[in-house]
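Quick note, the sequences are listed as chains A and B, same order.
Last residue of the first sequence: number 359 in this note's numbering, and the count goes up by one each step with no gaps.
Last residue of the second sequence: number 258 in this note's numbering, and the count goes up by one each step with no gaps.
Hints were generated in silico from the structure; no laboratory data involved.
Owing to the predicted nature of the structure, the values given are computational and were not obtained by experimental measurement.
Honestly, I wouldn't trust all of these hints.
[Said to hold, decoys possible] Once the Cα atoms are required to be at most 30 Å apart in a straight line, the calculated BS3-like pairs of lysine-lysine come out as:
no. : chain 1 : residue 1 : chain 2 : residue 2
1   : A       : K253      : B       : K65
2   : A       : K353      : A       : K259
3   : B       : K230      : B       : K18
4   : B       : K144      : B       : K130
5   : B       : K18       : A       : K259
6   : B       : K144      : A       : K174
7   : A       : K353      : B       : K118
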Amino acid sequence: MSDIMTKNPRGTDPLARPGVLAHRRMPRWAPAGIAVAAIAVGTALGLALGLSSKIQWGLIALILFVLGTYVITAAVEDRRQAKDRVVTSAVWACFVVAVVPLYSLVETTIAKGAKMINGNFLSHSMAGVLSNDTGGGVYHAIIGTLEQVGLASLIAIPIGVFTAIYLVEYGRGKLAVAVTFFVDVMTGIPSIVAGLFILAFWILVLGFSYSGFAGSLALVILMIPVVVRSTEEMLKLVPNELREASLALGVPKWRTILKVVLPTALGGITTGVMLAVARIAGETAPILLLVFGNPMINNDPFHGTQSSLPFYIYEQYVLGTEQSYDRAWGAALVLIAFVMILNLVARGIARWKAPKTGR
Amino acid sequence: MAKRIDVSGLSAYYGSHKAIDDISMTVEPRSVTAFIGPSGCGKSTFLRTLNRMHEVTPGGRVEGKVLLDDEDLYGSGVDPVAVRRTVGMVFQRPNPFPTMSIFDNVAAGLRLNGTHKKSQLNDIVEQSLKGANLWNEVKDRLNKPGSGLSGGQQQRLCIARAIAVEPDVLLMDEPCSALDPISTLAIEDLIGELKERFTIVIVTHNMQQAARVSDRTAFFNLAAVGQPGKLIEIDETERIFSNPSVQATEDYISGRFG
Numbered sequence: 001m002s003d004i005m006t007k008n009p010r011g012t013d014p015l016a017r018p019g020v021l022a023h024r025r026m027p028r029w030a031p032a033g034i035a036v037a038a039i040a041v042g043t044a045l046g047l048a049l050g051l052s053s054k055i056q057w058g059l060i061a062l063i064l065f066v067l068g069t070y071v072i073t074a075a076v077e078d079r080r081q082a083k084d085r086v087v088t089s090a091v092w093a094c095f096v097v098a099v100v101p102l103y104s105l106v107e108t109t110i111a112k113g114a115k116m117i118n119g120n121f122l123s124h125s126m127a128g129v130l131s132n133d134t135g136g137g138v139y140h141a142i143i144g145t146l147e148q149v150g151l152a153s154l155i156a157i158p159i160g161v162f163t164a165i166y167l168v169e170y171g172r173g174k175l176a177v178a179v180t181f182f183v184d185v186m187t188g189i190p191s192i193v194a195g196l197f198i199l200a201f202w203i204l205v206l207g208f209s210y211s212g213f214a215g216s217l218a219l220v221i222l223m224i225p226v227v228v229r230s231t232e233e234m235l236k237l238v239p240n241e242l243r244e245a246s247l248a249l250g251v252p253k254w255r256t257i258l259k260v261v262l263p264t265a266l267g268g269i270t271t272g273v274m275l276a277v278a279r280i281a282g283e284t285a286p287i288l289l290l291v292f293g294n295p296m297i298n299n300d301p302f303h304g305t306q307s308s309l310p311f312y313i314y315e316q317y318v319l320g321t322e323q324s325y326d327r328a329w330g331a332a333l334v335l336i337a338f339v340m341i342l343n344l345v346a347r348g349i350a351r352w353k354a355p356k357t358g359r
Numbered sequence: 001m002a003k004r005i006d007v008s009g010l011s012a013y014y015g016s017h018k019a020i021d022d023i024s025m026t027v028e029p030r031s032v033t034a035f036i037g038p039s040g041c042g043k044s045t046f047l048r049t050l051n052r053m054h055e056v057t058p059g060g061r062v063e064g065k066v067l068l069d070d071e072d073l074y075g076s077g078v079d080p081v082a083v084r085r086t087v088g089m090v091f092q093r094p095n096p097f098p099t100m101s102i103f104d105n106v107a108a109g110l111r112l113n114g115t116h117k118k119s120q121l122n123d124i125v126e127q128s129l130k131g132a133n134l135w136n137e138v139k140d141r142l143n144k145p146g147s148g149l150s151g152g153q154q155q156r157l158c159i160a161r162a163i164a165v166e167p168d169v170l171l172m173d174e175p176c177s178a179l180d181p182i183s184t185l186a187i188e189d190l191i192g193e194l195k196e197r198f199t200i201v202i203v204t205h206n207m208q209q210a211a212r213v214s215d216r217t218a219f220f221n222l223a224a225v226g227q228p229g230k231l232i233e234i235d236e237t238e239r240i241f242s243n244p245s246v247q248a249t250e251d252y253i254s255g256r257f258g
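Turn these sequences into a full structure, and let the hints steer you where they fit.
Next up, the structure:
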């Protein structure tokens with residue numbers, strides 16, 4: 001009897017395992033310690049084997065980290081804890097793998113582009129600047145991107161949001177199925193195809209000339225499905241109870257959607273719309289085909305050719321001189337900053353408009 | 001201006017499935033009528049046909065007549081929106097609008113129907129919150145979000161929101177099932193006060209509650225799962241709970257059901 005009282009069922013030493021429920025735990029710093037050790041071993045192995053790529057070092061370290069976690073935990077704690085910790089460390093490893101390219105991209109762009117960012121670069125066009133001249137700027141491209149993306153958003157956001165409202169609130173039967181199907185198809189349209197379609201339809205058939213607006217039309221095609229999809233998902237998240245509560249107050253359906261459903265989903269819709277804007281802000285192919293490029297400032301998106309930031313990057317890259325490479329990196333940084341600022345604004349709006357939970 | 005409800009030969013469907021079959025009853029003005037019965041017997045569906053909320057569900061449709069002081073809710077040319085302004089509803093789970101403050105929640109029905117005068121809104125919001133016995137608890141934080149209140153307070157907020165539009169009839173679909181006994185008592189007391197002004201119909205699974213708050217009680221039942229629900233009997237609450245005329249009612253009330 002006393003045997004059973006003092007020893008746990010596995011018969012291990014009661015001092016090491018104070019009870020049935022408690023068991024030996026690794027210290028809090030163990031995962032970090034294993035990670036550091038894995039990185040050290042990975043680096044050492046990389047050096048010893050003469051592996052040139054740091055990516056290989058990193059991969060070795062990651063694998064060692066996950067395996068090491070399992071082996072050490074299994075030895076110190078038990079197998080179930082080991083599995084738990086392995087999954088945790090695998091999630092961390094995936095996070096690192098996902099963040100590395102992002103970090104590398106931002107770091108490279110800042111390293112190569114930051115020296116270009118100054119008042120002159122942001123306020124001048126490329127008019128009269130030869131490919132191996134220093135100087136020149138992105139002002140005309142910023143104007144072009146703002147106008148083309150602005151016009152595209154002005155057209156695509158209402159169409160997209162209204163389509164999503166139709167699909168979620170009204171759509172029944174064949175028409176809704178067809179709309180959903182075509183939105184899915186549109187999601188997969190490559191941007192060059194959207195550009196070619198507008199080129200054929202707007203410029204060759206209808207006879208308009210190259211302009212920022214023609215580019216916007218192609219961007220609209222690319223933007224609508226993204227807006228529809230994200231808005232649809234957000235509207236579906238609005239609890240049906242809120243719609244019923246509003247309808248039961250004698251509020252017509254359209255006012256219910258406008259005053260109850262949309263405000264509740266506004267945060268999510270804004271985020272989705274901003275992602276769509278970010279997507280089209282980086283499109284090059286339609287601009288190449290439809291806006292044509294222009295080294296000079298053209299403030300009128302409806303007449304004459306324009307430039308845009310992604311197009312400008314491409315153009316400067318193709319020129320192939322050291323000075324134009326610098327300009328391309330500078331423009332890339334401006335484009336990334338533009339998208340980043342848009343995202344921050346969207347986050348701000350989403351937080352500000354989110355359903356309030358405070359007391 | 002509480003109104004009488006006269007239902008005759010009412011059946012409701014979800015698509016091709018018949019949920020309730022051929023129900024006829026009269027609900028007296030300025031009284032509380034309770035619906036009791038097992039789950040799935042169509043109490044809530046029937047309640048929702050009384051303000052045309054049933055047809056909001058995809059595939060929902062109704063046959064029969066519901067007369068509100070001699071006007072058929074399902075007559076041709078009747079606007080469901082107008083019906084819902086006359087017949088208000090409180091739901092099982094408290095559902096204040098999450099983007100709105102306490103004040104805006106109560107004012108929602110009026111604002112969304114076109115009343116915007118600030119002084120008028122202030123008066124009505126205060127009256128409604130007092131009517132729902134919530135005014136003293138929230139008068140200092142009318143601009144705080146409604147979702148920050150406790151469950152019982154949220155439910156009273158929803159009642160205040162429903163009575164702010166001055167309906168003639170108030171439908172309550174298990175209004176206390178998500179609440180603790182003290183909040184339940186608060187709402188039962190409130191129902192007793194509200195019946196001076198409104199016709200009240202309440203669905204409840206709590207038979208003591210039906211006995212406490214209602215003047216008349218209707219017992220619903222279904223022959224088997226998948227069969228439409230039927231009205232077994234409706235009578236004075238005292239008679240239903242002491243001497244019902246149908247054996248099934250007595251079995252259900254005394255717990256011998258199923």
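Going through the hints against the structure:
A hinted pair counts as satisfied when its Cα atoms are at most 30 Å apart, and A:K253 with B:K65 qualifies at roughly 24 Å. For the suggested pair A:K353 and A:K259, the alpha carbons sit about 13 Å apart, so the restraint of at most 30 Å is met. A threshold of 30 Å between alpha carbons decides the hint, and for B:K230 with B:K18 the separation of about 11 Å falls inside it, so the pair holds. This hinted pair checks out: B:K144 and B:K130 have alpha carbons roughly 18 Å apart, not beyond 30 Å.
Distance restraint check for B:K18 and A:K259: the Cα-Cα separation of roughly 34 Å exceeds the 30 Å cut-off, and the hinted pair is therefore not satisfied. At roughly 44 Å between alpha-carbon atoms, B:K144 and A:K174 are farther apart than 30 Å, so this suggested pair is violated. With a C-alpha separation of about 23 Å, the suggested pair A:K353 and B:K118 falls inside the 30 Å cut-off, and the hint holds.
When the structure is compared with the earlier hints, violations turn up for hints 5, 6 and for no others.
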